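From first to last, the protein sequence lines are chains W and G.
Residue numbers are given in the numbering used here: position 15 of the first sequence equals residue 943, and the series is strictly consecutive.
Residue numbers are given in the numbering used here: position 61 of the second sequence equals residue 1146, and the series is strictly consecutive.
If you are wondering where the hints come from, they were derived from the structure by calculation, not from laboratory data.
Predicted, not measured: the structure shown is a model, and the values here were computed from it.
Only true hints are included.
Sample of chain G residues at the chain W side, in silico, Cβ under 8 Å: (1) L1155; (2) A1158; (3) V1161; (4) L1162; (5) T1182.
Ideal placement from N, C-alpha and C gives every residue a C-beta, glycine not left out.
Take a look at the letters that make up each chain.
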Amino acid sequence: MELIHKNLPALIVVLPLCMGLLTAIVGRRGLGWWMAMATNSAVLAMAGQLLWNVMHNGAFEITYQMGSWPAPFGIVYIVDPLNAAVLLVVSIIACVLTLYARKSVASEIQKNRLHFFYALWLFCTTGLLGITITGDAFNLYVLLEISSLSTYTLVALGRSRNRRALTAAINYLVLGSIGANFYLLGIAYLYMVTGSLNIADIRHILETTVFPTWATDAPQYRTTVIVGFAFMAVGLSLKLALFPLHGWLPNAYTYAPSAVSGLLASTATKVGAYVFIRVIFTLVGVNFAFGVLHTETALMVSAGAAIIIGSWLALKQTNLKKMLAYSSIGQIGYITLGFSLNNVNGLTASIIHLFNHALTKGSMFMALGVVVYRLGNARLKDVRGLGRQLPVSMAVFTAGGLGLIGVPLTAGFISKWYLVTGAIQAHRYEMAAIVLFGSLLALMYVWRVVEQIYFGKRDENAPKLKEAPVTMLVPMVLLVAASIYFGIDARASSWVAQTAAELLLGVKA
Amino acid sequence: MKDNVLMRVAARWNMPFLIIFALYTQTHGELGPGGGFQAGVMIAAAFIVYGMVFGADDMQRIVPRWITDLLAALGVLIYAGTGVYCLVQGYTFLDYTAINPANPGAGEPWGMVSVEWGVGITVAAVMMTIFNEITEGTLPGQEHDKSDTEIVGKA
Chain W
929 MELIHKNLPA LIVVLPLCMG LLTAIVGRRG LGWWMAMATN SAVLAMAGQL
979 LWNVMHNGAF EITYQMGSWP APFGIVYIVD PLNAAVLLVV SIIACVLTLY
1029 ARKSVASEIQ KNRLHFFYAL WLFCTTGLLG ITITGDAFNL YVLLEISSLS
1079 TYTLVALGRS RNRRALTAAI NYLVLGSIGA NFYLLGIAYL YMVTGSLNIA
1129 DIRHILETTV FPTWATDAPQ YRTTVIVGFA FMAVGLSLKL ALFPLHGWLP
1179 NAYTYAPSAV SGLLASTATK VGAYVFIRVI FTLVGVNFAF GVLHTETALM
1229 VSAGAAIIIG SWLALKQTNL KKMLAYSSIG QIGYITLGFS LNNVNGLTAS
1279 IIHLFNHALT KGSMFMALGV VVYRLGNARL KDVRGLGRQL PVSMAVFTAG
1329 GLGLIGVPLT AGFISKWYLV TGAIQAHRYE MAAIVLFGSL LALMYVWRVV
1379 EQIYFGKRDE NAPKLKEAPV TMLVPMVLLV AASIYFGIDA RASSWVAQTA
1429 AELLLGVKA
Chain G
1086 MKDNVLMRVA ARWNMPFLII FALYTQTHGE LGPGGGFQAG VMIAAAFIVY
1136 GMVFGADDMQ RIVPRWITDL LAALGVLIYA GTGVYCLVQG YTFLDYTAIN
1186 PANPGAGEPW GMVSVEWGVG ITVAAVMMTI FNEITEGTLP GQEHDKSDTE
1236 IVGKA
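Using the sequences plus the hints, can you model the full thing?
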């Protein structure tokens, strides 16, 4: 136990990696699912333990040196409240979705490929957890590629249901690779200036030797640093599907297997947002990103546009998975808006919304997955009058929808509360207005579906549907219950988010 | 290209030399230029040249798909396993001191060698897999795997 405890930061990445490889070798005949389930449960336990450890140690930081090489030379894994929270989000979602995937994926993917599916599933988790925990900018890129490459393949596996999954996956692959390579280019520029790849070390060198010269007559590396940051910002915006760069997202979410849509929507873009926060607040620092460059203006414009246009497009979709995908674009807008406000409440809103939206959107995608499982499709007219036939999943969908709108007593309300407070504190009243308007649009697109579910009349000759198997119901009910719990009692989640925000902004005593 | 004597002989006779040089590169990775990646590419090249001349079918008779699949995963497992071994011995992940705690410097090469073997095996296997994938259905006598495109029925 002592051994595991000491090596938690490494094990949380190494375990899913090794198990993924083993699954590829021996995971045939249904064993793959058991291995994935066991691994993700262990990962969840480890993430919970890490969060507990980091919140209860005075320094709010746990450092782990890979191969015992000290910080700027070797790769270090650093856990602080922010990434411990994101680790927990990723592992919760990965764990419940693995449970969900058993039945759902078996109906969508060829049997002889299932062990590869679960291997990729575990690699994707590995990558996402690794991105979150690493303190090394280049290591982050490598893990970003691990998670992205497995996600492209996972999306493409949706082809047995709809061939368009293949074009969606190629599209995602091209844009995702551009995003990742822009990030890599940005790292290269910063490496040119600082000679370091360690995030904390790059920041230290920039602060001590580069930035001070900018106030003098001979500013050093000004253009290089700005170009490097610009590359990273654009690359990461692509990865997290920030508004004008969201093109890959709707089709990838729509045509991927249901469990994969859930995983993507709840974790991949969230981790992208986490990296963006990390880059702005830890790697280059707010004084540069917001003080010198005024990135916040660009971010707010994108975020505002994402909220309004994303929600508006969601309103126009007839394919419900696509509707949720566009709604995700809007939700990414909220997350981006939060950290671009550059105050504690805004940043808290971002972090807490990472968590809350993962719960909400994850459960909604799972609920739609039931309709896909039974009907092979999830269009608006398919769910007409389904409230009677699929009572549990449709109730989950509705409760998740309430969370998207931000109705009080759901987790979405907490995020929006912090967000609006933050916007008002930053004197960005127009942004507060946009958030509220976005909620109104969310109300419209959610209500449109809920109305069909409960008040629509089912066709006489439409097939009668059975409720989903228990292994599919339990995970979504768990998630939606959590999202309601954290809407009623947000002490734990806001404690973690607020601590993380205060640490990032350097106002924590 | 099977009918061309020159190609046939070259592909066959180059193979042992390519493999020997690959093994040299592999085993000297920690001391000189080279290492697992280069060695893996060379091993794969030996088989791929053979495959290009005699057809992917013939190559897959020598190295079946299940072997490349297995080796691709096994190599990474060797790499990660080395790290886990160090970790189990009470050191950090990939801390080669664990291999020879009495004389940490002496453990380093062993750690590197085992990691490089992992890299070499995976790279070779993945290179061959890539060749197999892109030639699938393009060489004469080969057809697309029909089971691949079959639509799975609803549950």
